[in-house]
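Sequences and hints are given; from them, build the entire structure.
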Amino acid sequence: MNKQISLAHSVGLGFLGLACFIGLWHGLATSGLVPAVFLPSPVDVYDRFSTLLERRFAGATLPGHLAASFQRFAYGFVLAALIGIPLGLLMGWYQVLDEIVSPLFDALRFVAPIAWVPFAALWFGTGIGGPIMIIFAGAFPPCVINAYRGAKFVDPRLIEAANMLGTPSHRVIREVLLPSSVPSIISGLRVSAGLGWQSLVGAELIVASAGVGYMMVQGQANVSTTTVMAGMVAIGLVGLALDSALRLIERIIQRRRGLDQ
Amino acid sequence: MGVIQFQDVGKIFGPKTSGFKALQDINLEIRDKEFVAIVGPSGCGKTTCLRMVAGLDNPTAGVVSVDGTPIKRPGPDRAVVFQQFALFPWKTVYDNIDVGLRNLNVARREREARIADILNLMNLTQYAGHFPHQLSGGMQQRVAIARAYVLDPDVLLMDEPFGALDAQTRVVMQEELVRLARKNPRTVLFITHAVEEAVYLADRVAIMPRAPGRIKEVRDIAAIRNAENWDSHEKIEDVMDLESFVHLRTHIWRSLREEKAAQHA
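Chains as they are written, first to last, in the working numbering: chain A, 9 to 269; chain B, 152 to 416.
In short, the hints are calculated from the structure, not lab data. Please note that the accuracy of each hint is not assured.
If you only want the chain A side, here are some residues facing chain B, beta carbon under 10 Å, derived [stated by the list, open to error]:
#: 1; residue: 24
#: 2; residue: 27
#: 3; residue: 30
#: 4; residue: 163
#: 5; residue: 165
#: 6; residue: 171
#: 7; residue: 175
#: 8; residue: 184
#: 9; residue: 188
Even for Gly, the Cβ is constructed at its ideal location relative to N, Cα and C.
This is the structure:
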């Protein structure tokens, strides 16, 4: 390992990377090599972004679209966690369930969430149901996989201790597998939130009212590339905030369990 | 009651014909409330003996039984104290001790009373709300012993419980275990590689040289301990200085060494 890098240092380096990227982007966009509609400059995108914050486009302001998207995302993500984590733990404990579910699950998880779009629209409609299903399809696999891994890699000595104390299965799952899997589950939730949020644009292809993805699709239809890019920036920023929030929760839980040094 | 019986017990890890022969022809009976130590070098199979009584391993030959019933699975009637403590890191001391009692569906009031008693007995009362990682190794093993003792098990199985502790802490724990075992006798099967520890703690010592594990000899300690009144000495070092102690220790030590020498020749 390298020498420890201080927090201020690491934040500074992060900004440096961002500044280089924006600088390059700006240079390329203003060089005249590419037409502005192909590659809008950061300044144009920023202007568009600020405008969208206040003025409606495709039926809502950017915060309005974000709120609609976030609600869909939250439903899909929470649903994925509520079903995926228990399923993963159960698969880690009951060998038979593992054998039954694993092959099916391993095949299905390679199908990209966006491939479900036609069926999501057919089965659950274009209201709230369809988009939630697509986000669910993105967010579900990491929940299952990480809970499963967590349960599989529990210290076998703790399982032996639990068995020796006569602990019934349901209690072993809740009081040994679950707490021991918390770090793995949380990192699964981080990946899951990322993938769920990423699936948003696909999910909102079939939405007819509001959402960042919907806004971007409308922007594309109107050849407003700045709108599309403003949407990308918004998705990136919210994704970053989401990941930071989950990372903070992870750290708080670790500290409460005393596993942080 | 808590009579442990090994009848012609063998254990092979891996395939029956080509696997590793860990134990062979083990015959041993541990009487009710008797404290028996199995002493031997690492890898001799002594821990496997304990794990079979616990129900964590099954014999490939013969029968291991408690009170005449062959053992099928682990259970709180045979509480284990593991070398690496195996406390639940996310549970407090109190909650760790509570697990087994909850599994036995003991009423809340009685659980509280029994845990308070055992905490008091093990000098842990002020640490009830602590998490294991906040405690030293010695304290953690005290919690593990409390977790086993609180179940009032017929049989107590201790797998090198003091092996992970430093020498000073080990001595304190040995003295405490003697105190506990005299006050509240149980059938105890104690596994160790330390000859002194076995002689100091046990009523009988089974000597098990290197694999394939067989019990070479079972040495009676209790008769000599009582005749020489070891328990009148409060400190372990005073007992260890007694001629009768030194004599037994040397005998067991030689018995283990002779086997090794014979194998090397």
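Q | When the least beta-carbon distance from residue 30(A) to chain B is tested against 10 Å, hint result | A | violated (45 Å)
Q. Regarding the hint that residue 165(A) lies at the interface with chain B, is the smallest CB-CB distance below 10 Å?
A. holds (4 Å)
Q) With 10 Å as the cut and Cβ atoms as the points, is residue 184(A) at the interface with chain B? A) holds (7 Å)
**Q.** Cut-off 10 Å, beta-carbon criterion: hint that residue 188(A) touches chain B
**A.** holds (8 Å)
Q: Double-check residue 171(A) for me: the hint is only fine if its C-beta lies closer than 10 Å to a C-beta in chain B.
A: Hint on residue 171(A): holds, closest Cβ of chain B at ~4 Å, below 10 Å.
Q | Supplied contact hint for residue 163(A), tested at 10 Å Cβ to chain B | A | holds (8 Å)
(Q) A closest beta-carbon separation below 10 Å is what the hint needs, so does residue 24(A) meet it against chain B? (A) violated (39 Å)
Q: Answer holds if the nearest beta-carbon of chain B is closer than 10 Å to that of residue 175(A); otherwise answer violated.
A: Residue 175(A) check passes; min Cβ-Cβ to chain B is 5 Å, inside 10 Å.
(Q) For the restraint on residue 27(A), tell me whether the closest CB of chain B is nearer than 10 Å. (A) At 43 Å from the nearest chain B Cβ, residue 27(A) fails the 10 Å test, so the hint is violated.
Checked against the numbered hints given earlier, this structure breaks hints 1, 2 and 3; the rest are met.
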